[in-house]
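**Student:** Residue strings, one per chain:
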Amino acid sequence: MRPPYRARNRLFYPQVVVTAMAVDASAPSAAPDPSAYLEVQQSPEFAGLRKALRRFAFPMTAAFLVWYALYVILSGYARGFMNTKLFGNVNVALVFGLLQFLTTFLIAWRYVAYADRNLDPVATRLRERLESGTASAAPRQRDAADTASGTREAAEGAAMLAEEGDVR
Amino acid sequence: MNPVLAAGSAVSARTLTITLFVIFVIITLGITVWASRQTRSATDFYAGGRSFSGFQNGMAIGGDYMSAASFLGIAGIIALAGYDGFLYSIGFLVAWLVALLLIAELMRNSGKYTMADVLAFRMRQAPVRTAASISTVVVSIFYLLAQMVGAGSLVALLLGIKEGQTFLGMSPETAKVATIILVGALMIVYVVIGGMKGTTYVQIVKAFMLMLGAILMTLLVLVAYKFNLSSLLGDAAAKSGKGAAFLEPGLKYGKDVAGNPTATLVSKLDLISLGLALVLGTAGLPHVLIRFYTVPNAKAARHSVVWAIGIIGVFYLMTLALGFGAAALVGSKAIAGQDPGGNTAAPQLAQALGIKYLGGGTGGAILLAVIAAVAFATILAVVAGLTLASSSSLSHDIYANVVKRGQASERQEVVVARAAAFVIGAIAILLAVFARGLNVAFLVAVAFAIAASANLPAILFSLFWRNFNTRGAVWGIYGGLAASVLVVLLSPICWGGASSSLPAAKLTAAQAQKCGVPATSRQVNNPTALFSCTTAAPIPFQNPGLISIPIGFVVAALGAATSKERNPEKYAELEVRSLTGAGAH
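Chains A and P, in that order, are what the protein sequence lines are.
Our numbering numbers the first residue of the first sequence as -18 and each following residue consecutively.
Our numbering numbers the first residue of the second sequence as 4 and each following residue consecutively.
Chain A extracted, bound-state conformation (with noise of 0.2 Å):
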């Protein structure tokens, strides 16, 4: 399944081969147009995929701060309270921070679950959309010629296209 081209696997290149032959296998894979990303960011589908992904993590994280603090304000403050014993020699203090453990493995599970349902289906489509080049009205003329000039140098170009853009 590797792509021949291994050398070159630095470069975004294979993920895009892998993505085309996902969906399609003589589908032509192009780098994404940069003015393709505005295009994309300004789009109703976007903002509902950063919605979905604010909504979830910024209160999450704000809650299991909350709750992180108030463990660790309890632990400094309010040792009567933490030193109650429950049952046995257990006592408060040990089982808040058992519940923290709990709570962080309860809330990477919700995420988890939250994100492959809610996220990723989103991000795939959009990602197809980029890469093959649909999502620009006008294609530039660049893109065109390189897909013109095959499957390889197209993939070639567009990966220096993105380097470009990383090292600007």
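Any given hint might turn out to be false.
In silico BS3-like pairs for lysine-lysine, Cα to Cα no more than 30 Å straight-line [claimed, not checked]:
1) P/229 - A/66
2) P/302 - P/573
3) P/336 - P/271
4) P/517 - P/258
5) P/302 - A/32
6) P/255 - P/271
7) A/66 - P/258
8) P/336 - P/242
9) P/517 - P/336
10) P/229 - P/242
11) P/258 - P/242
12) P/242 - A/66
13) P/245 - P/258
14) P/271 - P/509
15) A/66 - P/245
16) P/255 - P/245
17) P/573 - A/32
18) P/271 - A/66
19) P/242 - P/509
20) P/258 - P/509
21) P/509 - P/336
22) P/359 - P/245
23) A/66 - P/336
24) P/359 - P/229
25) P/336 - P/258
26) P/245 - P/509
27) P/509 - P/255
28) P/567 - A/32
29) P/255 - A/66
30) P/229 - P/336
Source of the hints: derived by calculation from the structure; they are not laboratory data.
The hints should help you fit chain P onto chain A, whose structure is shown.
**Tutor:** Just chain P now, with coordinates in the frame of chain A:
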């Protein structure tokens, strides 16, 4: 000196420890050589070809993250100070939610090899990459120093070499230096030859060993108490000599100083400061961040963090059994007698459990040897990860993107990265040899504080704040870095004098002599201070986080607000790429 260690057959345990450790080294070197054959491109060297699965990377993250400080250190703190050690376990785990919810996937999608790839994505390359690289190297070197000096101190303890004895003709002091050099040389070999692939496999093997060792010991402790947590706790409290307070917060952190409200307040704020640095530091540690690049996509990055949370969480839960088990079965006195910091609590517990369940002295020697070998493997895997993070940054950020302005070839980059690993390793060895007599355990907490103060604000603002820019990133990184280091330089870590907010400590004869004061002196708060025992620290906190983390965020925001630089096109690209994975490397 120590009845428990002396009781076992110390010499055969030593031979066994060394044999097991040599086997670990041979296996990992074999993997490293194999990995080097698979390492052709820069992506292979920096990111292991992005070919690891979520589970593999989750294990490797565990291997990268669970340092000797967590394995030996936390078990030791719990064994000596009881409940307060658990605070570390909780902070080190909860911190992973920051990485999971806010950073791992976005970073995987938009970056390439280093932390700076994301920070500099929409900024001017040279200033941001330089700042990020300096911060990466400082955090990594601090962390490295703590691990390597720790390895040096551990070798004498774990191999049972006592003052006046020799081992292979070496005095304990020479053995210490030899260990630091050996650990340093091995980590250089792993990184230079194996790159990220080799390092990752070393970390995976280590994570397996560490988990197996911890699970075995936890089970034996639980068997000893018939799976009754309450009776384990009760026994630990009784044997600690501190009674019920051993199971309650406040023996070590956030102490109530009777009749001194200022000192009480300082101690509680210091506790909060530590808690803050622990929970916010993880997501800014460069050696952790670059692990997200070793998987093929964001989904795998997410799954690797969840695996890591599972593995790390189970491990830190077991530190409770190890720490309280050591207090109950070995006794706090025997542990403190071996090492006042408690770092040998886990190995001593292993020996006690072996004697009890695995057939007397031989069993004790075997289990001790296994756990000691695990401890060395633990240190090796972590230092290799740290060396890789700093050499990657020096090569990819400074050499390829600042010096060569992006014109370096892949080949040149990898050559420079390997050379950088050599140089960083050599510097770390030298520093560790010079610092071997100092108490440098605090450096881990300082590394977390710097990561939280310098790196985290810049990363979060970069990913989520439209108007963030070059000045914001540069000010944030340098500001957070300078604030953390300055606070430490003005803290009781460096200046040990007593003052109104820093109560005098009881001194042992040796400490009093070292400080040049009579043993009854009320002048000293921290006898292990680096610069002076009698000058009081201007800033009374041991942990800089409470001061330096807000400074990092505020300075980053101020820098961004006072600069007119905006780049909506690049921000659109960063935002779309980070969320969708389009054009990901």
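**Student:** So, for every hint listed, does it hold in this structure?
**Tutor:** Consistency of the hints with the structure:
Annotation: proposed proximity of residue 229 of chain P to residue 66 of chain A holds, straight-line Cα distance about 21 Å (limit 30 Å). With a CA separation close to 24 Å, the supplied pair residue 302 of chain P and residue 573 of chain P stays within the 30 Å bound. Proposed proximity of residue 336 of chain P and residue 271 of chain P is supported: the alpha carbons are some 27 Å apart, at most 30 Å. Taking the CA atoms of residue 517 of chain P and residue 258 of chain P, the gap is about 26 Å. The hint holds against a cut of 30 Å.
At roughly 18 Å between alpha-carbon atoms, residue 302 of chain P and residue 32 of chain A fall within 30 Å of each other, so this suggested pair holds. Simply put, residue 255 of chain P and residue 271 of chain P have alpha-carbon atoms about 11 Å apart, close enough for the 30 Å limit, and the pair holds. For the proposed pair residue 66 of chain A and residue 258 of chain P, the alpha carbon gap of about 20 Å is at most 30 Å, so the pair holds. A C-alpha spacing of about 8 Å is found between residue 336 of chain P and residue 242 of chain P, which places the hinted pair at or below 30 Å, so the restraint holds.
For a cut-off of 30 Å, the pair hint linking residue 517 of chain P to residue 336 of chain P stands: about 24 Å separates their Cα positions. For the suggested pair residue 229 of chain P and residue 242 of chain P, the alpha carbons sit about 18 Å apart, so the restraint of at most 30 Å is met. The suggested pairing of residue 258 of chain P with residue 242 of chain P holds, with an alpha-carbon distance near 22 Å, which does not exceed 30 Å. At roughly 19 Å between alpha-carbon atoms, residue 242 of chain P and residue 66 of chain A fall within 30 Å of each other, so this suggested pair holds.
This hinted pair checks out: residue 245 of chain P and residue 258 of chain P have alpha carbons roughly 15 Å apart, not beyond 30 Å. Restraint check for residue 271 of chain P and residue 509 of chain P: satisfied, since their Cα atoms lie roughly 21 Å apart, inside the 30 Å limit. Of the pairs offered as hints, the one joining residue 66 of chain A and residue 245 of chain P holds, with about 17 Å between alpha carbons and a cut-off of 30 Å not exceeded. Between the alpha carbons of residue 255 of chain P and residue 245 of chain P the distance comes to roughly 12 Å, so the proposed pair stays at or under 30 Å and holds.
Restraint check for residue 573 of chain P and residue 32 of chain A: satisfied, since their Cα atoms lie roughly 20 Å apart, inside the 30 Å limit. Taking the CA atoms of residue 271 of chain P and residue 66 of chain A, the gap is about 23 Å. The hint holds against a cut of 30 Å. Distance hint between residue 242 of chain P and residue 509 of chain P is fulfilled; the C-alpha atoms sit about 22 Å from each other, no more than 30 Å. Between residue 258 of chain P and residue 509 of chain P, the direct Cα distance comes to roughly 15 Å. Compliance with the 30 Å bound is thereby established for this hinted pair.
With a C-alpha separation of about 17 Å, the suggested pairing of residue 509 of chain P with residue 336 of chain P holds against the 30 Å cut-off. Distance hint between residue 359 of chain P and residue 245 of chain P is fulfilled; the C-alpha atoms sit about 25 Å from each other, no more than 30 Å. As the CA atoms of residue 66 of chain A and residue 336 of chain P are separated by approximately 26 Å, the hinted pair is consistent with the 30 Å bound. Between residue 359 of chain P and residue 229 of chain P, the direct Cα distance comes to roughly 14 Å. Compliance with the 30 Å bound is thereby established for this hinted pair.
About 21 Å separates the Cα atoms of residue 336 of chain P and residue 258 of chain P, which keeps this hinted pair within 30 Å; it holds. Under the criterion of a C-alpha separation no larger than 30 Å, the hint pairing residue 245 of chain P with residue 509 of chain P is consistent with the structure, at around 17 Å. Restraint check for residue 509 of chain P and residue 255 of chain P: the C-alpha separation of about 15 Å stays at or below 30 Å, so the hint holds. At roughly 27 Å between alpha-carbon atoms, residue 567 of chain P and residue 32 of chain A fall within 30 Å of each other, so this suggested pair holds.
Taken as a hint, the residue 255 of chain P and residue 66 of chain A pair is honoured in the structure, with Cα atoms around 20 Å apart against an allowance of 30 Å. With a CA separation close to 24 Å, the supplied pair residue 229 of chain P and residue 336 of chain P stays within the 30 Å bound.
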